[in-house]
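Here is what each chain is made of, one letter per residue.
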Amino acid sequence: MSSTTLGASSAHRTQPPLLVAGPLAWMRANLFNSWLSTAVTLALIYILARAGIGFVDWAFINAVWSVPISAQGVIDPTDCRNIKGVGACWAVIGDKWRFILFGRYPFDEQWRAGVCIALFIALFVVSAMRRFWRKELALIWIGTLFVIGVLMWGGVLGMNFVPHDTWGGLPMTLILATFGLALAFPLAVFVALGRRATTLPAVRYLCIVYIELVRGVPLISVLFMASVMFPLFMPVGLNPDKLLRAQLGIILFGAAYLAEVIRGGLQALPKGQYEAADALGLTYWQKMRLIILPQALRMVIPPMVNNFIGSFKDTSLVLIIGIFDLLTAAKVALAEPAWQGYSTEVYLVLAVIYFIFCYSMSRYSRGLEAEFGRSVRR
Amino acid sequence: MSGATTDPRMNPARRPPSRGIELSWSDPRLRAVVWQVVIVGGIAALIWYLVANTMNNLQVRRIATGFGFLDRVAGIPIGEHSIEYDPAIHSYGRAIWIGVLNTMKVSVVGIVLSTILGTLIGIARLSKNWLVSRLAAVYVETIRDIPLLLQLFFWYAVAQGLPAPRQSLHPVEGVFLSNRGIKVPLLQWQDAHSWALAAFVLGWIGTISWARMATRRQEATGIRPRVWPAGLALMIAFPVLVWAALGAPFTLEMPVLRGFNFVGGLTVSPEYGALTVGLVLYTASYTAEIVRSGILSVATGQWEAAGALGLRQSWVMRLIVLPQALRVIIPPMTSTYLSLAKNSSLAVAIGYQDVVSIINTILNQTGQAVEGIAMIMLVYLTISLSISLFMNWYNARIALVER
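As they're listed, the protein sequences go chains Z and P.
Residue numbering for the first sequence follows our numbering, starting at 1 and increasing by one per position.
Residue numbering for the second sequence follows our numbering, starting at 1 and increasing by one per position.
Just so you know, these hints were derived from the structure itself, not from any lab.
Please read these numbers as outputs of a predicted model, since none were measured by experiment.
You may find that some hints are simply not true.
[Claimed, not checked] Facing chain Z, a subset of chain P residues (Cβ under 8 Å, in silico):
#1 35
#2 60
#3 129
#4 381
A virtual CB, placed ideally from N, CA and C, is assigned to each residue, including glycine.
Bound-form chain Z, shown alone (with noise of 0.2 Å):
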């Protein structure tokens, strides 16, 4: 009986309705549900047909992609005079590109940025893998870190010197950020550990008046602080570099909030591992480094990587107190009399490698906080 019933079967096969699995009762669930819906769909379809056909003709079909240069260098900038505003003159990116990357940084020398830039790269790849989670990655980043500053400034192993105030693009924007991020950690976990010591009172308050203090103003007025301020700070005749002020600044403005993201984690463990903690006699740093911290930082992996990406989309903000940035290169590669009004090329260009920097990150962290989510839920 069942070798007939399957022979039946499959000898009259039938497909399912059309209307009830497979792409057209997908795009019918999804998208022509009800005339409202239809309505809606059409009508952004329509929109975005438009627009996407005025893009390509703007971005390649109109475009142009270089212009004579004389033998002299003087660039003829004609053939996007003529094509403004119908297509994109993809030939600014074609002449400034190693500028708007590497800012004023040696010509020959800009290979040694670019090392540094795919360092960094390397390291928050490093960084993201979990089989590296542990205290050597401390040594990894001070040895990158390390690596990159020799590499910047050279003076060494055959290198020239490049003094700091040449460095620029991409490469600055990392070194703020990266930097900003190294040394502001540290800081921010003594902090975190200051707002929660209910036994030192002074220390608790000192810590929330300085939380508060940074996380009430906004950044600029932190570097204003840092650019104007801090030299009259100093004693008389010493003045520390711009670069370093504008550093300080972001570690000091970083810390507050990275403080704040490391105090969620230590109030989110149980009670009963600090009390654990306790019970086995451990002192009061024994317990933070041993049990506690571990655990606690961990935990707050994913919104330190949010922080993170947030103070890489600040750092472009140095650009007003005439920090060399990423940012700050395309403005001075816009200023010149030849690619004046070509900007929206470039701030494209600029807004695709943020982009890339910031959604790789955001996605990193949003897998991570998933992959937490359901360790904890199990």
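Once you've looked at the hints, dock chain P against the given chain Z.
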């Protein structure tokens, strides 16, 4: 055993010793005191050192101290001022006050618009229409991952890329878009309008009390009197009647091209426009995520239960889901508003004269950096505190009242 009934703690000889601070490193309280003295003393010494250096530096550079400069004539031209201002007459203090007003103008408009746009996008991300939800998601992901400053530059370039006043875009009668900003007609304000506005406020209060009455009636009888006809009559018809009774004056001041620029009408400057558009679009992407997660945080059972009660779809949202979602939404929304207010300081990069920009100019003129930075911080701390207080009050109002 005789000791079985005696609690050892009752024995005076075995009581723990009285807990005064002992001069021993093993006493945690002594350690706490010593640590605090060391840390606070260290920081106080550092601050004292910095202040001493600063005083010394100020003397060497012959920079005045104190807030005396606030009364001096400013001499800074300010393009946009909501109160009367003439650089040749008015003081630094007034210039700073104009900066504060400009900051508030951007922040308040930005907060309102970004909340509306963000809520719409947040709801769009939850739409059943795949295309709508994908587009909203792409918007949120893209805008969040590009620095605000870059976006502001982009919008400012767009505003400056508009044609000159003579060739200005003219989409609707009386509206002109040019590189001098957006020109719109301005209503010539007359007494009748003030009275109509007063009538509107009265009608608004009346509607609220009517709604309260309706709630009481509903609680007593189970039948809710209609609110919207009363609201319509009080808030729309009443002011219109007042306005009509006073002769219904309605004159628009049209912007007119004269020479190389426009005369009359209301101007939205390119700087203000670019800053507002940039801030709203950027902040809306954060607001959208907050709204989305707030609505998602309401358990599905709540939707189903409301449906089972036979509530209409719009009522489910308004009466069941939104009040519960708001509790999740408000706290992160507060910090988004705070960051919008702080981000408005990026105005300095595109030349909109907000408080940071004006104080920065003053600071370069007078060299009084300490006072300038202190004032910037004071202004922002006040704004932050006001927003926090308002949002905390609102949060307490909508909080779940538990036993």
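Status of each hint after checking the structure:
Hint status for residue 35(P): holds, given a least beta-carbon distance of 6 Å to chain Z, under 8 Å. A distance limit of 8 Å between C-beta atoms decides the matter here; for residue 60(P) the minimum to chain Z is near 6 Å, and the interface restraint holds. At its closest, the beta carbon of residue 129(P) sits 5 Å from a beta carbon of chain Z; the interface hint therefore holds under the 8 Å criterion. Checking residue 381(P) against chain Z by beta carbon gives a least distance of about 5 Å; that is within 8 Å, so the hint holds.
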